[in-house]
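There are 2 protein chains.
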Amino acid sequence: MAIAVLAFLLALGRILSAESKFMVYNTSASIHPTKLNVHLVPHTHDDVGWLKTIDQYYVGSNNSIQRACVQNVLDSMVPALLADKNRKFIYVEQAFFQLWWRDQSEATKTIVKQLVHSGQLELINGGMCMHDEAVPHYIDMIDQTTLGHWFIKEEFGVTPRIGWQIDPFGHSAVQAYLLGAEVGFDSFFFGRIDYQDRAKRKNEKSLEVIWRGSKSFGSSAQIFAGAFPENYEPPSGFYFEVNAASPIVQDDISLFDYNVQERVNDFVAAAVAQANITQTNHVMWTMGTDFKYQYAHTWFRQLDKLIHYVNQDGRVNALYSTPSIYTDAKHAANRAWPLKTGDYFPYADRANSYWTGFFTSRPAFKRYVRVMSGYYLAARQLEFFRGRATSGPNTGSLADALAIAQHHDAITGTEKQHVANDYTKRLAIGYSEAEVLVSSSLACLVESASNKECGSPITKFQQCPLMNISYCPPSETALSNGKDLMLVLYNPLGWKREDIVQIPVMTGDISVHDSEGNNVESQLIPITDAYHKLRSYHVKVYLGRNAGEAPKYWLVFSVSVPSLGFSTYSILRAQGTGARPTLSNVSTVQPGKYSGVNIGQGNLKVEFSAAGKMTLYVSRGMKEHVEQSFSFYSGSNGTHNDPQKSGAYVFRPNGSFPIIPEKQTPLTVVRGPIIDELHQRINSWIYQVTRVNKAKEHVEVEFIVGPVPTDDGIGKEVVTQISTGMMTNKTFYTDSCGRDFIERIRDYRTDWELEVNQPAAGNYYPINLGIFMKDSEKEFSVLVDRSVGGSSLSDGQIELMLHRRLLLDDSRGVAEALNETVCVEDDCTGLIIQGKYYFRFDPIGKGARWRRSYGQELYSPLLLAFSEQDGNSRRSSGRTQFSGIDPSYTLPENIVVLTLQELDGGKALLRLAHLYEIGEDKELSVTTEVQLKKLFPSKKIGKAIEMSLSANQERATMESKRLVWQVEDSAEEGETEVARGGPVDPIELIVELAPMEIRTFILEFTEFDTVIYG
Amino acid sequence: MAIAVLAFLLALGRILSAESKFMVYNTSASIHPTKLNVHLVPHTHDDVGWLKTIDQYYVGSNNSIQRACVQNVLDSMVPALLADKNRKFIYVEQAFFQLWWRDQSEATKTIVKQLVHSGQLELINGGMCMHDEAVPHYIDMIDQTTLGHWFIKEEFGVTPRIGWQIDPFGHSAVQAYLLGAEVGFDSFFFGRIDYQDRAKRKNEKSLEVIWRGSKSFGSSAQIFAGAFPENYEPPSGFYFEVNAASPIVQDDISLFDYNVQERVNDFVAAAVAQANITQTNHVMWTMGTDFKYQYAHTWFRQLDKLIHYVNQDGRVNALYSTPSIYTDAKHAANRAWPLKTGDYFPYADRANSYWTGFFTSRPAFKRYVRVMSGYYLAARQLEFFRGRATSGPNTGSLADALAIAQHHDAITGTEKQHVANDYTKRLAIGYSEAEVLVSSSLACLVESASNKECGSPITKFQQCPLMNISYCPPSETALSNGKDLMLVLYNPLGWKREDIVQIPVMTGDISVHDSEGNNVESQLIPITDAYHKLRSYHVKVYLGRNAGEAPKYWLVFSVSVPSLGFSTYSILRAQGTGARPTLSNVSTVQPGKYSGVNIGQGNLKVEFSAAGKMTLYVSRGMKEHVEQSFSFYSGSNGTHNDPQKSGAYVFRPNGSFPIIPEKQTPLTVVRGPIIDELHQRINSWIYQVTRVNKAKEHVEVEFIVGPVPTDDGIGKEVVTQISTGMMTNKTFYTDSCGRDFIERIRDYRTDWELEVNQPAAGNYYPINLGIFMKDSEKEFSVLVDRSVGGSSLSDGQIELMLHRRLLLDDSRGVAEALNETVCVEDDCTGLIIQGKYYFRFDPIGKGARWRRSYGQELYSPLLLAFSEQDGNSRRSSGRTQFSGIDPSYTLPENIVVLTLQELDGGKALLRLAHLYEIGEDKELSVTTEVQLKKLFPSKKIGKAIEMSLSANQERATMESKRLVWQVEDSAEEGETEVARGGPVDPIELIVELAPMEIRTFILEFTEFDTVIYG
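Top to bottom, those sequences are chains E and Z. By this note's numbering, the letter at position 155 of the first sequence is numbered 155, and the numbering carries on one by one without gaps. By this note's numbering, the letter at position 32 of the second sequence is numbered 32, and the numbering carries on one by one without gaps.
Be careful, since some hints might not be right.
Where chains are identical, the list cannot tell them apart; a pair therefore holds if satisfied intra-copy or between any two copies.
In silico lysine to any residue, SDA-like type, Cα no more than 20 angstroms apart, as pairs [stated by the list, open to error]:
#: 1; residue 1: K202; residue 2: E753
#: 2; residue 1: K460; residue 2: S536
#: 3; residue 1: K85; residue 2: A107
#: 4; residue 1: K202; residue 2: E755
#: 5; residue 1: K934; residue 2: A107
#: 6; residue 1: K200; residue 2: N334
#: 7; residue 1: K663; residue 2: E929
Honestly, the hints are just simulated from the structure, not real lab data. These numbers come from a predicted model, not from an experiment.
With the hints as extra help, turn the sequences into a complete structure.
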């Protein structure tokens, strides 16, 4: 459309829009050099699911639960902005914006693009959702942000400048530096920090800081970060939603109740109050809140008037603004700001209201998200290797489902149950589609077919998403119906992997062979009744059918898989007297006879005490006392002085109660060539398996917890404690979104003198990857399989909260008790969770290697696919082993491929990450090279353009635009030189990665053949 | 604006509007000949004041009381209609529309005019407000409707076709025939009729009828009238206000919760349900309710979808419609409809919920409106006679204030107190302006100055709006500070008038003279303490100042005033021994001695019983026993079975308690040459004066009631009963809006078999002019000074409810108890009311004359203005007597000038009304002539164009367009020939008026001199 026509159209828009007050307000104010500038930032905060599902929020259904319709917001925003070119609006949640965009006509799109280009409409933050910062994994945060940023780039050609995490419940270091500075944001604003911290910062005018979230990157990844004085709503009385109760500006002298002077006075008073706690002559007013601007006109009509009359008054300067304009104004002040390091966890909004319960809330959903996250990473790799099809199944819906699952009311567990169900449904749908893609990609790769030939491969692969409850139809049936079973194991990591595989089988009359036909040692472990029950109940629950006869054994065997590739194994009906799996030796130890029971035949041995508690850990000469136990906190129902209850958000215990293992229950000890296990029924609703793999030097603890009983009317939050004799001096370390470890000190905050009100809840931190502690000699690390809350509440001890079942709502809006159940028809029982954690001792300075490398293996487990084979005509053709990279090459141990994804036009997105922080490991915390050519042996890389983290702009462009900020005092002095990998030589194509560095490339290939012969 | 540009603009509007869903819905359905047609009528019902003031509703302030902003409705309606030319909307309340219109730019006005002309926006009903039908006076109804209709005509060139009284609490005959048929409406729709009536009509499919509201006019003023099946909201579940909870139509197959078929089924089911109680294949859905369409887009988005999918489904035909389209469809059915006569009073929505309390609620406000109404009529006449000034004070703001005071939550008393205060304030402001106009007009006329010369007349007139509490500064001070007093008395009636005047004076040392200097007989009546208290307290309350020394006497004298003119009287300081007023003979009758006390020295005498009750009425040979007493109903606080309370709307007594006059209080008897009075203190809060004027043959009863005590925790509704010995056979007659009398039969309804639940409340009717009953020999009539509720609860008895003070809300939304107080600063006491009623016996067939003629005098009292004069230089020049009409002419006794108002361009609006119904009076219920030439002796009438009642179209045009309707059965047979005045000969200019006829003319004058020498 020609500019002239567009201009005319915009002019007409002003006439035609609902804003037709004949009076013309002067809304043109820009920044005033000396007056107090009040930046009015019209905004809406649209939760990507919370009390309603995302779709319900979008279309405005289910309004009896919450009056919210995002379609209204965006529909009404357009004419409101057209009505006055000075008006501005920001929009944040791309999941909604994209739904809306899809519905718009080309004419509307043209107008909206013009609004974006003129700066009237600014798309900020720009991920699909406003992700939480405590419980998402950083890979998921990157992916969901990238999805949104790409859309914005593609449709509007712009890159968001501002981090706008106004609602999440505390703020992470990873958000500040990685999803902030590293995506090119100039600033980062948020609403929720600890009430004590906030009070001090208001007093010291230090709500606005320069935040260096990364020890490794220091000032090179710092960001201007502003916490709001209260929340993200307007000052009291300036709330102009349709039907809102704030006094409107009545400026029609011919009507009664004219109140212009009164409203101007209110405005000035609120501005001055905020100026008193803010540096510089700029304050920002967040003019909006959750799902507001349903009828944008109502806000702008009043804001127009306020700007007009306040500026006529002249005491302060009011202007339409955006966080970008505000940030530039702060930057232009050219002053030094307080320095902030670490993070803003945990978050308490009142003395007994620590929002540390949500670190664990909905543990099954948190695990599901983690599993899907790893699967999505692997699926994209396989999609890339096979060559992305233009139609048919892809990873798109899994990507979308995972993206919105990162929302701060999704993975947090703070949504209503029906909304949690919606997220789960979306993940399941996304998974189903990705599963088809993965199966067919594996089939294509196995069949060595080219991209084009591989429309419908012959080999049919099946996968087993319910393997965790010992349900795997192909492995159960194949061998029992006269077929053999081919097993493909895909390794998404860049290094060769030795691992063990564990699948349920109906019979031990089988043998396991590698791709060369060699017999592979294997072990049969009887599946216990606890698993049979899990299996039969949950197959009914989730698939709505009977699980059928239960498999008898876990078949366990060791496997070896190449980098970014697969191996195949065959499981055959045993013939003759050939090698069969070793049946485990199972012994039952009666109560009172426990003493000295031990498992572990390799470098690691675990002994148990007479009470059946794990007690001694022996590994490579280290001999440590360790004691593991369960207890629960009873959730507070509120006290006389404070009605705060423990709930989905808030952890407020009113007592801690040890769970003593039942005295009459025997221990079961399972021993075999690969794995030893010790099974314990702790009580009627806790079952635990302690497992030692001969080839590994950590302990794996598998737990089944639930249904948590509440028939005593008491909500319970179930924790496990692992106690050692270490002198840890109140200090422990937890990860930030699965990435950087941050030092935590019990009952202490770096930024203020902590008043301790909640000795447990106030010391809880989110754990995504792991938690560790150390003394002068050693480290003790625990890795987790999902996000959980945890702490070290006494020296030498670590506590993880595994499950929560509560009976009351904690008054933060969700208005439901966190009381998860699963139902077969109408018969519901409390949710049972099953999961694992892993622990290990290391000599001091040596723990990172396990935490980082094994941690990454936990995130990216081997992807298993099964194919039945006719035993009589075993497939001899086809590839039995595959590596996506040069077989002579492997990625360094400290490097991982975060993303390998085919883009349009045969390009690829590649994200490489250094897994180690600076100083974390002597050998591995070093700058390391990756040879791109070796990564893509069958392709020729034409160009490797380094991008910002969200890949929406070239890294160089981003760096050139980055605002430079000064910090107060001598903060600079403490900083050591920051290491960053250098530029990539376009010929050599070697990428250097410094510790913690993540580098993002868009690769352009000049050869497109995607069939690789490994 | 050229048509092409406009079309382009409209097309763009569609693009730019918020409605930009890419999906295109087919909304083009029109009427289907055979299917069930569901007429979707988007509407909003915007109360012109209720819980908030009109201004607060308009701008959307005070939203904590009610979430409502009319500006939003109208702002958002425009783009919503532009977005799809099939969409339609009706707007009703012109008071709001005019506020909005004033704010619009020319561009918007052009668009809105186009929307009106295309029929997308239809302005219906069209008065300033949706007036009530029980308590307003028909003259006020005409005036407020005219104001709105003129505006619509002037701005849009259209005339509303539809009566839309959807919310008023029962429906009047006058509304149906006079404000319906006579303003040219083709139909009339409403929501509230008695629940028993409704049930029967649904069953019989007779909600839609042909209503003949006038006995005099019969079928010539009939109208198609439709009562809604429920209320005026959409069917349950089809309520699409922003944030409403009804399920939206989710038709996006790519989102969850797709529900198109479900919603279509709901729609069809609701349509069929309504069809089952409705004649023809047309049903109307009122898609909206109070203050809805705040964001019109939310409704139209869903309605578009419903029309699209319902018609795709095909079982029924859904269309955007208006009441006009619906009416035409009903008419096109060419069938006979049930006949309805009488009215729809009283209204009960449940068994114990008779909305008959509001007939009396806020009696002081009701009186204030009535006084202002009469004043407005007179002021316009004086404005006409003087010649309307182009600037300076006029009657506009009084017109506006009176117009909105007719709203069904204004004069009804069913608004919140602060809103009642707002109406009162507006009336006071309007009065103040009109008062200046009246004073200066009178001065001009007195000074005989021409229009142009009369910018600032010398004579300063003062008026006494607080005369009712004996406060009249000019009459009080003039004579005491050495000045004489000139009194001008203006008579707005078209016939010469003999009356008495009563003004407070400080001294009896005065004399009264007519304009020829003749001494006029006068009487002094001591002002009693009861009035001194009223005066001093209320002057403080209303004027915020001390009233000063109280006047000692009422000075009473007889006056004679010409038609539409004035007389002047002088009150001089008495000189020498000349004639002074006669001091009344005042005697006190001690308790026990009452027997035989009587007043009245003319044709009428009233005797009192030993108990102090009026007991015998003697007039011209008639001798009737009559007993008058007070009692109160205790307002119900709800019962176990029904929580309904007595409140502003609902009269629900839980008992009736006689008020026995206090035994120790003496009677005071006042006698004089002009007036006799009997003063009684009934109890500490009721004071009564029974008054007989020697020249009149009715009894005037003046009451002071209040503060009604509630310290016993009981709300009270105070009534007076007047009992006679008449055998009235359950039958009595009450007026409809002050115009037609309707027969009422106790415990009986014409239209259905009444189940009697509330023997008092269910027999109450609104009384504006009066109530009467008759037996075979005589009639007993009572006239009132304002709207009150009344009944005849036993034969021969009449009851009027005078005051109500209640302590609980009656749950109809106002959410306040009707507990009126007046305050001096923070010291508040219950509202005291003061007022009068009048009664009289007449021989059978003779009562109408008094009711009609004296009733009109009560509506249009003499307008008094005072001017101080220097006694030493009495003004000798100037006009002392004036008549606006030819001095040789007087209007016939059965004719009144309802409106005489100067219009732009020297035109005038003239409304002449015949005061008598057909058959009401032998001599006066006849077609009567008015000679227009004699009415305007100094002007030449160029044209006299007969108009519709609201003067927005020529009567002939209106008649030519009128839809002809058929009624069922042989209803036609009973009809007698209808009399109507014939056409007006343009030369003779004689207007014939048949009984009850009101004829409206716009007169064009060819001479403009407005100075008349009488």
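Hint-by-hint comparison with the structure:
no.	hint	result
1	K202 to E753	within (15 angstroms within a copy, 74 angstroms between copies)
2	K460 to S536	neither (26 angstroms within a copy, 102 angstroms between copies)
3	K85 to A107	both (18 angstroms within a copy, 18 angstroms between copies)
4	K202 to E755	within (17 angstroms within a copy, 71 angstroms between copies)
5	K934 to A107	neither (48 angstroms within a copy, 68 angstroms between copies)
6	K200 to N334	neither (24 angstroms within a copy, 81 angstroms between copies)
7	K663 to E929	neither (56 angstroms within a copy, 115 angstroms between copies)
Comparing the model with each earlier hint shows violations of hints 2, 5, 6 and 7; every other hint is respected.
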